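J.: Residue numbers (my numbering), protein chains in the order written: chain V, 101 to 478; chain X, 15 to 307.
Simulated from the structure, these hints should not be mistaken for laboratory data. Remember, it's a predicted structure, so these values are computed and weren't measured experimentally. Some hints here could point you the wrong way.
Below are the BS3-like pairs computed for lysine-lysine, each with C-alpha atoms no more than 30 Å apart in a straight line [what the hints assert, rightly or not]: (1) Lys246(X) with Lys213(X); (2) Lys123(X) with Lys388(V); (3) Lys286(X) with Lys388(V); (4) Lys388(V) with Lys246(X).
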Amino acid sequence: MEATLTAKITGFVATIRENGFAVGINESEDALRIAETIGIMARTPLRDAWRGLLCGRADEWHRFDDLFDSYWRPPNRQKLVESRTSGGGALRRDDSAPAGGKAGPALQHGADDTGAAGDSTAKAGASGAETLETADFRTLTDPEQTRAIDIIIRRFARRLQRLKTRREIAATAGHRLHLRRTLRRGVGGGAHRLHFIAPRRTRPRLVLLLDVSRSMSLYSFFLLRIARALSMALSDTHVFLYHTHLTHVSDALADPDPWRAQERLAMLSAGWAGGTRIGECLAEFNRKHAARLVHKRTAIVIASDGYDTGEPGLLGRELHSLAGRARRVVWLNPLKAAPGYAPAARGMAEALPHIDVFAPAHDLASLDAAFSALMAAL
Amino acid sequence: MESSAAISALQASLLNSGYVAARGLAVTMLMMESIGRPLLIEGDPGVGKTEVAKALARVKNTRLIRLQCYEGLDTYNALYEWNYQRQLLAIKRAESGAAIGDDEVFSEKYLLKRPLLEALTQATAPVLLIDEIDRADAAFEAFLLELLSDYQVSIPELGTVTATTIPFVVLTSNGTRDLSDALRRRCLYHFLDYPSFEKELAILQTRLPQLQARLAGQIVEFAQSLRRYDLKKKPGIAETLDWAASLLGLGISTLDEAGPEQIQDSLATLLKTREDVLSIDHATINRLVAAAG
Chain V
101 MEATLTAKIT GFVATIRENG FAVGINESED ALRIAETIGI MARTPLRDAW
151 RGLLCGRADE WHRFDDLFDS YWRPPNRQKL VESRTSGGGA LRRDDSAPAG
201 GKAGPALQHG ADDTGAAGDS TAKAGASGAE TLETADFRTL TDPEQTRAID
251 IIIRRFARRL QRLKTRREIA ATAGHRLHLR RTLRRGVGGG AHRLHFIAPR
301 RTRPRLVLLL DVSRSMSLYS FFLLRIARAL SMALSDTHVF LYHTHLTHVS
351 DALADPDPWR AQERLAMLSA GWAGGTRIGE CLAEFNRKHA ARLVHKRTAI
401 VIASDGYDTG EPGLLGRELH SLAGRARRVV WLNPLKAAPG YAPAARGMAE
451 ALPHIDVFAP AHDLASLDAA FSALMAAL
Chain X
15 MESSAAISAL QASLLNSGYV AARGLAVTML MMESIGRPLL IEGDPGVGKT
65 EVAKALARVK NTRLIRLQCY EGLDTYNALY EWNYQRQLLA IKRAESGAAI
115 GDDEVFSEKY LLKRPLLEAL TQATAPVLLI DEIDRADAAF EAFLLELLSD
165 YQVSIPELGT VTATTIPFVV LTSNGTRDLS DALRRRCLYH FLDYPSFEKE
215 LAILQTRLPQ LQARLAGQIV EFAQSLRRYD LKKKPGIAET LDWAASLLGL
265 GISTLDEAGP EQIQDSLATL LKTREDVLSI DHATINRLVA AAG
C-alpha cells in the first residue's frame, strides 16, 4: 500500500487510541490489512469493519462514527453524514477524559443540577444546593491520624472471614471426593489416599458510599481516611462519594503516592460539603455502577446521617433494589451514638427496612464495633 | 475479500437461514474469518446475541458448540475431565491379571471432552458459542484469553492438544460484570441495540410468515413504543416474537379489534416483572394501540 496512505491509517488508529480506545500494534496492522482487502474507496464497509475491530465497549461503539468522520471527511462535509447515533459534529478532544491513564475519572460538573438548585438557602440540616467548594485534603494522609485507623482496618482485613464461593478447590477433608487428584496421585504409588473437594473461599467485595454533604462535614474526613485504609488493605474495595451527585474515587484514593492522591481527590471533589440528594445518588449508582460492581458477595456500606432533600420515596425504592443485588447493606450513621437518637430523618426512616446492619460510626471504638457487626452479617 | 458482493451474499444467506443482519454485522462476521479473531457481542437481554452464533453455524453449515458460562465455571466443566469410573474399572481389571500402564489409563479413551476441547478437535471448523461470559469469573476469563490466542491446551497427563481447525468463536455478554480490556482487545466487537422499526418488522415477517402485514406493523409499533416507557425490563425481540405468536394463537387479526382486556392478558409474554405489568393499564394500552394505527 502507498506509504502516505499507510501513514494516514496508522494516524487514524493513533487518534482513536488518544481518545481512550484500547487499541495496540496488532490492531494497527489488522486495520491496514482490512483496508487492503476492502479497499479504501468503499467508505461504509470500511467504517463498519474498523468499528468492529477497534471498538471494545459500548461507549466506544457509539463514539466511533464521529471520530471516523472527523478524521476522514473534509471539515465542510462533516455535518452531512446520515443516520448516526449522536449526530454530526467535530472531534471531541476531551482533555479531562482518562486518556493515557493520567487523570482520574472525568470530572462531574453540575449537569444534573435540576431539582432544588434555586433553593440556595443552606439550612443547617440538609439542603439540595450544590457548592463549588473544594475541600482541603491535606489532612487525609497525616500519619498521626491515620495510624490508629490503619491498625483497626488491618485487623478487620485479617479477620474478614473468607466467603465460600461455587468455585472449588482441593482439600484434605470434606464430603465430595476429588477423583481427579485421588486417581492421579494414586497411579504409580499403589495406595490410594483420598482427596476431597471443598468450596473455595474468597473475600467479599466492599462498596462504600460516603455522604460528604455539609451535614456530615464533621465526619467526612474521618470516613474518607477509613475508606483509604480499607482500599489499601483490601483490593476489592470500591469507594464512591456523594452529595448532590455521585463520584467514583477508588482510583484516586488508592493511589500509593499520598500527594497524588490528594491532588486527584481535590480535582474530583467539586460540590463537597453541599446539599444531599441520597435517593438520586443511589439511583445513579444503581443505573451506572450496580450491574458491574454489585454481586451476591458484595457488602454495601453507606455512611450518612439520612438527611435527604430529594424526592420522597426515591431513597427507599432505590435502596430496596440495591439490597436485592447485594449480600448485605450496612448503614453507618454518626448520629446514632447520640443519647436518645431515633431515626426520625425521613431518609433514615425510608432506608431502615432495607438495612441489615445499622451502626454508629463517630469514633474509632464504634467503628471497630461496626466492622465486627459487618463481619457477623457477611 | 470483503467486497460489497461478499457482504451482500452473506446478508442474503443469513436472511435465508432466518436471521436479519445489519450490514455492519455481516462485515464483522466476514472479518472473523479473514483476520481470525473471536467476536464479542454485547447488548441488552433479548436483542438476539445468541441467535448470531446459531445463524452463523447454519450459514457455514457446521456444528454449533455451546458453552454456557455460570459463576463457578472451571476448566473441568469447560475443557476436559477424565472418566474416573472407567479408569477405576480398568485398574480393577488390571489387578486381576490384565496388565495396563500409566499411559493407558490416561489415554484419549478415558477422556471426556467438554465444549472447549470439543471445539478444538473438530474436522471442520465449528462455531463455538461462549454464552454470557460475564457470568464466569475473572480467572476463567484469563484462561479463555490464553486459549483464544494460541488455540491449544495442555493436558498434563496427555500432552498438548493443538486445534485441528480454528473455530469461529462468538462470545456474548450482558454486562453483569465488566470484561477485561485484554479480552476486549483480543476480540472483534459488535454492539447489538434494540432493532429499528424496519428491522424488527423484517425479523417478525421472516420468523412468522403467516402474520398479516397490518397486525405485524401494529405489533412492532406497539413494542417499539413500549420500549420508550420507563420499564424495569424492556421487551427484546424474543419477547416481540413470543407476543406475536400468542396473538396468532388467540386468533386476533388486528390490535384495535382485540380490545385492551385481551391485549393485557397476552402481555404476559412481553412484560416480565410485576411492576411493569401494573404500570401498563388499560388506558395506556388504548393509547399505544391508537398510536400503532
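J.: Hint by hint, which ones does the structure fall short of?
T.: 2
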